[in-house]
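**Student:** Chain by chain, the residues run as shown.
There are 2 protein chains.
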Amino acid sequence: MTSPKQQVEMHPQRWGDPASATDLPDSARGLIELAFGLAETPAVDEVTVPAPALSEELLDSLRAVLGVEQVLTDDETRRLRTRGKSTPDLLKARAGEVGDAPDVVVRPGSHDAVEAVLAWAVEHHVAVVPFGGGTCVTGGLAARRDGFAGLVSLDLVRMKRLVSVDHESMTAVLEPGLRGPEAEALLAAEGVLLGHYPQSFEFATIGGFAATRSSGQSSAGYGRFDSLVVGLRVATPRGDVRLGSAPMNAAGPDLRQLFLGSEGAFGVITEVTVRVRRLPEVELYEGWRWASFATGADAMRTLAQSGLLPTVIRLSDEAETAINLARPDEIGGQSTGGCLMITGYAGTPAAVEAKRSAVSRLLSELGGTSVGEGPGEAWAHGRFDAPYLRDSLLDVGVLVETLETATFWSNRDRLYGEVKAALEESLGAGTLVLCHISHVYETGCSLYFTVAAKESADPLGQWLAAKARANDAIVATGATITHHHAVGTDHRPWLHHEIGDLGVSVLRAVKADLDPTGVLNPGVMVP
Amino acid sequence: MTSPKQQVEMHPQRWGDPASATDLPDSARGLIELAFGLAETPAVDEVTVPAPALSEELLDSLRAVLGVEQVLTDDETRRLRTRGKSTPDLLKARAGEVGDAPDVVVRPGSHDAVEAVLAWAVEHHVAVVPFGGGTCVTGGLAARRDGFAGLVSLDLVRMKRLVSVDHESMTAVLEPGLRGPEAEALLAAEGVLLGHYPQSFEFATIGGFAATRSSGQSSAGYGRFDSLVVGLRVATPRGDVRLGSAPMNAAGPDLRQLFLGSEGAFGVITEVTVRVRRLPEVELYEGWRWASFATGADAMRTLAQSGLLPTVIRLSDEAETAINLARPDEIGGQSTGGCLMITGYAGTPAAVEAKRSAVSRLLSELGGTSVGEGPGEAWAHGRFDAPYLRDSLLDVGVLVETLETATFWSNRDRLYGEVKAALEESLGAGTLVLCHISHVYETGCSLYFTVAAKESADPLGQWLAAKARANDAIVATGATITHHHAVGTDHRPWLHHEIGDLGVSVLRAVKADLDPTGVLNPGVMVP
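Residue numbers (the numbering used here), protein chains in the order written: chain W, 1 to 527; chain H, 528 to 1054.
Extracted from the complex, chain W is given alone in its bound form (with noise of 0.2 Å):
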């Protein structure tokens, strides 16, 4: 078990571990120079975090609840549990913004100190706002302070165990700080597998797993975070709620789909239940070209609709393709144009080489050609390193931020054009849309896009419009406003586009009834 000292923090201005993150390829500067010019802008190094808005008396009373050495109050703590990692938060705090820092940073230790956290919080009106990773990009952890007597960051850090695994019934009950690879590998010395991979993987935890509704790299094979979990437990203002009686039931409403998704607006994840699976002999990747994102993206929905996905199933659009390829290091540099697709494969070697012909021969009917595993295994060598290179091009002047969105099959090519005009629309010649297809159901698909675009005077204003305008034709066509990156407070004013005005009206009446104060994570989710 890693213990919280040796957690690897987040640096403050950037994503990721500093010591993972890499200088930008000359080949790449290039590029970039001729795509946008460069401009070196530099982080801010002088950043003044407030003073504590609690008193003494306060924090003495939460350290009577907590201990002394789980309730930190110095600067550089409150700072790393500051906004998430957003484009928007990066930009702030590498501009030395850290006004709205934590007051205080707590770590219980368990369910009932959690619990205990959260009658201190009540007692004194204190906002609550639960930490897991710190990889949240829609500031869900940008609560609101007003009408707070002050702001403590709930840090999960120290609950990562495994409580018990069930060899028979495949499932395994997590605590919520893990992070993804802790959970991996405490799950891998029981031979069996969680399977959850999305982008942040190395960084973000099962209880924000959980809270955000992820959606994970091997969502065809594994299923998106919300369809692995079979149980919960949660804390409350009021109390304690556990929720997992079987598999499926009709006992009424599904409640854990109404804890997840809920960014700890609802109470604090300390426990989930898992489907885990065996761990896999085999993995595999590989690439397949297709004249067009169109023709890719319907064989995708006609593996779907077989029933014949792969573990791992991607297509890149042609720009996202073409970008791609000119890291020729990362992709075998066969650069014949069309759309890029990367298939992956995780199991028995049976079970992989029969998934594997039968969705090969399917996929060679419908017109794709097997680059073979080269550019599969590339991205597979690099699939959670994209957040390192924002940082680098945020260094050099290049504004970069992703947004994704999800819509049933039809509607794709619809929500595809008017997302990617929106965007060239706010942000101007030259802009760079990609995008590409990571998640696939029988009935639709999900969107992501990655934006890049010369910083103007004012980058986050710049960024904030563009994100705007692309939501605003998102909700257009009836589409989601995100597939796997939850409401938070960015996506906030949106939501009752797509949930409706009594939709919002149940939240906010599910919100009253558990946290009767609001405390927990105010303005969060919650319109």
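Calculated from the structure, these hints are not laboratory results. Beta carbons are placed, not taken as given, at the ideal position from N, Cα and C, and that holds for glycine. Hints are not guaranteed to be accurate.
Covered stretches of chain W, as calculated for chain H (at least 3 residues, CB under 8 Å) [as the list claims (entries may be wrong)]:
no.	region
1	79-89
2	140-151
3	162-174
4	244-253
5	485-492
6	501-515
Take the given structure of chain W and dock chain H to it, following the hints.
**Tutor:** Only chain H this time, still in chain W's reference frame:
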């Protein structure tokens, strides 16, 4: 499209279409006499339906909303909307008890008309019970009427449109009043299939499937009904809710899962968007013999955890297998003990052959013995007939009822033993308790019990006591009180064991928000 006038009504005291009912075969009568004795227990013919409690003035205001023809107060129509089809419901109906008949039956033809009925009900404080197929077995139609001016049965029989089919996304929008075969006929004309076959298939409706989280006999292949739903429209006293922006999303909690299983207590489902599949070209059923229920169940678990489920898979325990073998016309007469498993496959010839061959290989390896297609075809032929048999047994003084639950695999054996013991202890010596597994997941399965006992002088009290003992045993093992028959009024006293006091509190908060005056199915589902 079936017109409402032509729709076959179920018999008020029996299951289904009187024209489809058959007498007990003589061979069965002999066995029953041996086991329980025979006692003719005729139903009461003279039934007095109480006069409507609503004034003519109030009824006139309803007629003004819906039109005179859609507001029915005749005795026969009201009697046919009284309660559902559980054995307690049938025992009451046979005893001539219709004191809880609705005061009026209304038949709105559109979402807007449903909203108009709800507005009328709120204005006059009249309770509203949505009515689909009337096949409920958990008391979901027995709303509380005290404190209300009266009770209206909101019959969805006129809402039978297939609104649209999206062939690219493979979804269809269905109105709630479509019975199973009607929905499938409309979809088949479009070349697609819903694939939802609960035992109540011939009479139950799309709205009812959604409102109760029904699961069908082909759940292994096509999924439970809740997993087939991608969108919903719901009429509530506060207006319209439309959900389903994408196959899945992370835009907060999945509110679809709050209305699925809400049994009319949160609103009236007026449209359901479902996944559809291509019509199968081949359907094929076969039988497998297992040495014991445990070895067969383990094989099902292995199949599920290998991702190798057929379209249908079910396994009878030793007692149920023996009873079925006593009806030699139906399963080919191979009486060599053990347990019978039915496997079924549907799809293209190639897909069926590939799946069947992989499944059969695994089942053989695990110790199963194929007994050919005879038993499978016999099961498929009689798959909707068991409720007719129940009537015939009630006719001769045999108390027959079913109940079901679900749990994780590691708890299966304990749950099976404890429910069986509870029923046998409550109903006494000579009671037959049969069980089968008909729905399986990677992590667990359902257990479906059929109970037969000699009727006491008070068969209703006799069954209610046994069912309470069984429910106590179910919640004591941590299993669910219902896998696919909803809460109704019968399971309501046990719901808090499953979702906790806070879960109950959340349900009440949602109900209070959407239905502030509480007119929607009062007393049903929400404790």
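**Student:** Which of the listed hints are broken here?
**Tutor:** 1 and 2
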